[in-house]
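Q: Those protein sequence lines, which keep their order, are chains D and V.
Position 65, counted from 1, in the first sequence is what the UniProt record's numbering calls 65; the numbers after and before it change by one each time, with no gaps.
Position 212, counted from 1, in the second sequence is what the UniProt record's numbering calls 212; the numbers after and before it change by one each time, with no gaps.
Note that these hints are calculated values from the structure, not bench results.
Watch out, some of these pointers could steer you wrong.
As the list claims (entries may be wrong) - Calculated Cβ distances over 12 Å to all of chain V for the following chain D residues:
(1) F46
(2) R51
(3) H71
(4) S78
(5) H79
(6) L82
(7) A85
(8) V158
(9) E160
(10) G165
(11) F170
To be verified - The list that follows gives simulated cross-link-like pairs (lysine-lysine, DSBU-like), each with its CA atoms no further than 35 Å apart:
(12) D:K43 <-> V:K492
(13) V:K281 <-> V:K494
(14) D:K45 <-> V:K455
(15) V:K455 <-> D:K70
(16) V:K489 <-> V:K455
(17) V:K424 <-> V:K523
(18) V:K231 <-> V:K455
(19) V:K492 <-> V:K226
(20) D:K131 <-> V:K455
(21) V:K518 <-> D:K70
(22) V:K455 <-> V:K226
(23) D:K41 <-> V:K188
(24) D:K131 <-> V:K382
(25) V:K455 <-> D:K43
(26) V:K382 <-> V:K226
In this text the structure is predicted, and so the values were computed from the model without any measurement.
The beta carbon of each residue, even a glycine, is placed where N, CA and C say it ideally should be.
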Amino acid sequence: MSDDPLETGGHRRAGQIAFALGFVVLAVVLVALLGDQTVWKNKVKFFAQPRFWPAVGVIGMAVFGALHLKHLPRCRLSHYDLREARVWFEAVEYALWFLVYVWVVPIAGYLPTTLVFAPLLTWRLGYRSQKMLWISVIFAVVVVFKSVLQVKIPGGLVYEYLPGGLRSFFILNF
Amino acid sequence: MDLIFSSLDILARWDVVLALLVGSVGGVLIGAIPGVGPAVAIAILLPATFSMDPIVGLTVLLGIYGSSMYGGSIPAILINTPGTAVNALTTYDGYPMTTRGEARRAIALAYSSSFFGGIFSVVCLILFAPVLAKIAPMFGSREIFLAALLGIILVVTAHHRQTLIAAALASFGIWLNTIGLEPVKYTKRYTFDQSWLSGGVNLIVVVLGLFALSQAFILLQGEDEKVRLTKLRGSFFQGFRELARHPRVAGVSATFGVIMGMIPGVGEFTAQFMSYTYARKTSKRPEDFGHGSSEGLIAAETANNAVPAAAMAPLLALGIPGEALTAMMLSVFYVHNVIPGPGLFQNRMDFVVALYISLLILNVLVLVFLLMATNQLIKVVKIPNRFLGMCVLVLSFVGVYSLRNSATDCALAAGFGVLGFVLKRLNLPIVPIILGMVLGGIMEVKLRAGMARVKTPFDFIDRPIAMILFIMIVLVLILHFLRVWRDYKQRKAKQWSTSHASISFATTMYRRRNSLLKARGRKVRGKRSRYYPRSTDKN
Chain D
1 MSDDPLETGG HRRAGQIAFA LGFVVLAVVL VALLGDQTVW KNKVKFFAQP
51 RFWPAVGVIG MAVFGALHLK HLPRCRLSHY DLREARVWFE AVEYALWFLV
101 YVWVVPIAGY LPTTLVFAPL LTWRLGYRSQ KMLWISVIFA VVVVFKSVLQ
151 VKIPGGLVYE YLPGGLRSFF ILNF
Chain V
1 MDLIFSSLDI LARWDVVLAL LVGSVGGVLI GAIPGVGPAV AIAILLPATF
51 SMDPIVGLTV LLGIYGSSMY GGSIPAILIN TPGTAVNALT TYDGYPMTTR
101 GEARRAIALA YSSSFFGGIF SVVCLILFAP VLAKIAPMFG SREIFLAALL
151 GIILVVTAHH RQTLIAAALA SFGIWLNTIG LEPVKYTKRY TFDQSWLSGG
201 VNLIVVVLGL FALSQAFILL QGEDEKVRLT KLRGSFFQGF RELARHPRVA
251 GVSATFGVIM GMIPGVGEFT AQFMSYTYAR KTSKRPEDFG HGSSEGLIAA
301 ETANNAVPAA AMAPLLALGI PGEALTAMML SVFYVHNVIP GPGLFQNRMD
351 FVVALYISLL ILNVLVLVFL LMATNQLIKV VKIPNRFLGM CVLVLSFVGV
401 YSLRNSATDC ALAAGFGVLG FVLKRLNLPI VPIILGMVLG GIMEVKLRAG
451 MARVKTPFDF IDRPIAMILF IMIVLVLILH FLRVWRDYKQ RKAKQWSTSH
501 ASISFATTMY RRRNSLLKAR GRKVRGKRSR YYPRSTDKN
């Protein structure tokens, strides 16, 4: 049996029913939309129909998803499931951090945003020592340095306000 | 000979040499950090390799893939935490050796076994290359379709006790691949009239979300572990001497690794468990297994390092990836218009041989690096998990955004990241989604092309290789259903014995209670007969 406290009696992991149910609902909705979202072409062989492979996918999702749901141990939703769902939603917080970072980079520029984002997230994670905050800044400058990784990220809008030579230097490298 | 010279010519470039160094050292570092692993690293680095030459990009990725398992054995042996998932079996015998003060011996054995497994599989691959080159052109559309179908079935059935959800997730992957404009008639499929969906869902975005971002979320939500490292003193060369004392275990384990690596969807885990079971069954001291057995450590490490090179065989010869990492590498080939498959063996054999030789050099480089730098390298284990999560999150952004400078891609990747996080929390497989996406695309194209030339479905399997593949598919399915039936019967038998045992237990308890009551009754009556003599006695 697993050591995971969310594992209930070794039979069912908390949150499994919720996931399986959600998956089947999604699959059924996609099957229902098959006629609307795909096309059936006349005088085209069955296997070459544009609808054929999406149908294989969504019908497979629905059938296997439903069988998986059926084979799960029957159990009512418990407080373990709610606890697990809360953990899932906590992950959404970090996804939002990521999306805010994505949204700010084209405006404020890659390096300045990363210089703020890395220590801020480090702080949020509970690291309060100056050592860790400095390490996060160094990580942002050294490891994620745009010119080192050769990443193609457009310069920030704020760089437009910089004087001539400095502006092109920043757009190119930061 | 000309072929080898032209292959060496490809490799004798400063950027390829640099890629070899970066890949091998980077892979070891990434493997040594528990919680990152080669899948995360490859997902993050994948977009960066698009701007490189195919040989350079692939060498970096291959280096990370091949050398991460060397690095993964370090935390597995020293702190009982596998650096990569495939090093889990190393903890069984590696860590007990550390607890009895033999950490250096364990690490030396792990290095030498990994090196032997890696070199053995590359040599096998080089020896097989002419055979593969002859067989590969015999694969037409139908054969490739059937091989891809076999691959997807093997991937699904390899997830024992999770087959249904693995099949559902593989179907999800197939559906994801169909989103956007259909390749022949250019009709829209599941775009919901959204222009950003017309181009389809990018494989790299899905890979980055499912592997890298989800792992970042896991790390960010976890807790930092306090690590106490054992100091290692002395030379690591003694491992080779000890390995030479177990040639049978090493040879058989490496062979298992090569065979399992070539079969799509089977991979390191099966190879390791088969080797480990074999080593234990044939050992003179099976009781040592799990308590610091050198044979157990050799079996686990040799088998897992023999897989990466072997896994390249179906990818290069047929264009069919066997697992997630080779599926990611396939996208690098596609980006550079190098299409893996029979044509690659016919037209670019020097490229294929150059890849094999680079794998050989990689193993040597990794070993040299490890023999020199292990004492410094083990310090990476101390990096706090959540801080690592922050680093992976930022690097994932670099990976996704540099693809197309699209914020939509980032949002999609975040969505897949949450999905991957949920799947990992529930212990559900992620790999079927990726293989469904990759193999689904291959199957759609090949089925159309194959069916265009046949009149009835039976014509589809009238060629020898197609027939062999079809028989293999049927056999795999029969074996799978037999295993399911056996499991079902065992479960039923267990349920029956449990319920029967409880009935017997209740009956025994009832009889025991009755006999106790009877005994107590006799005792009480006996006492009473002493204190209250019978009325007849009074007279």
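Q: Evaluate each hint against the coordinates.
A: Hints, verified against the model:
1. F46: violated (9 Å)
2. R51: violated (8 Å)
3. H71: violated (6 Å)
4. S78: holds (15 Å)
5. H79: H79 (chain D) clear of chain V: closest Cβ-Cβ about 17 Å, beyond 12 Å.
6. L82: At roughly 14 Å from the nearest Cβ of chain V, L82 (chain D) sits farther out than 12 Å, so the non-interface label holds.
7. A85: violated (10 Å)
8. V158: holds (17 Å)
9. E160: holds (17 Å)
10. G165: Nearest chain V Cβ is 25 Å from G165 (chain D), so the label holds.
11. F170: Since the minimum Cβ distance to chain V is about 17 Å, F170 (chain D) lies beyond 12 Å and the statement holds.
12. D:K43 <-> V:K492: Measuring from Cα to Cα gives roughly 52 Å; hence the hint is violated.
13. V:K281 <-> V:K494: Within the cut-off at roughly 27 Å; holds.
14. D:K45 <-> V:K455: holds (11 Å)
15. V:K455 <-> D:K70: violated (39 Å)
16. V:K489 <-> V:K455: violated (43 Å)
17. V:K424 <-> V:K523: Between K424 (chain V) and K523 (chain V) the Cα gap is close to 64 Å, so the pair fails against 35 Å, i.e. violated.
18. V:K231 <-> V:K455: violated (70 Å)
19. V:K492 <-> V:K226: Violated - the C-alpha atoms of K226 (chain V) and K492 (chain V) are around 45 Å apart, more than 35 Å.
20. D:K131 <-> V:K455: Status violated; Cα separation ~72 Å.
21. V:K518 <-> D:K70: violated (50 Å)
22. V:K455 <-> V:K226: violated (66 Å)
23. D:K41 <-> V:K188: Measuring from Cα to Cα gives roughly 12 Å; hence the hint holds.
24. D:K131 <-> V:K382: holds (15 Å)
25. V:K455 <-> D:K43: Roughly 16 Å between the alpha carbons, so the hint for K455 (chain V) and K43 (chain D) holds.
26. V:K382 <-> V:K226: holds (8 Å)
Of the numbered hints given earlier, the model fails hints 1, 2, 3, 7, 12, 15, 16, 17, 18, 19, 20, 21, 22; all others are met.
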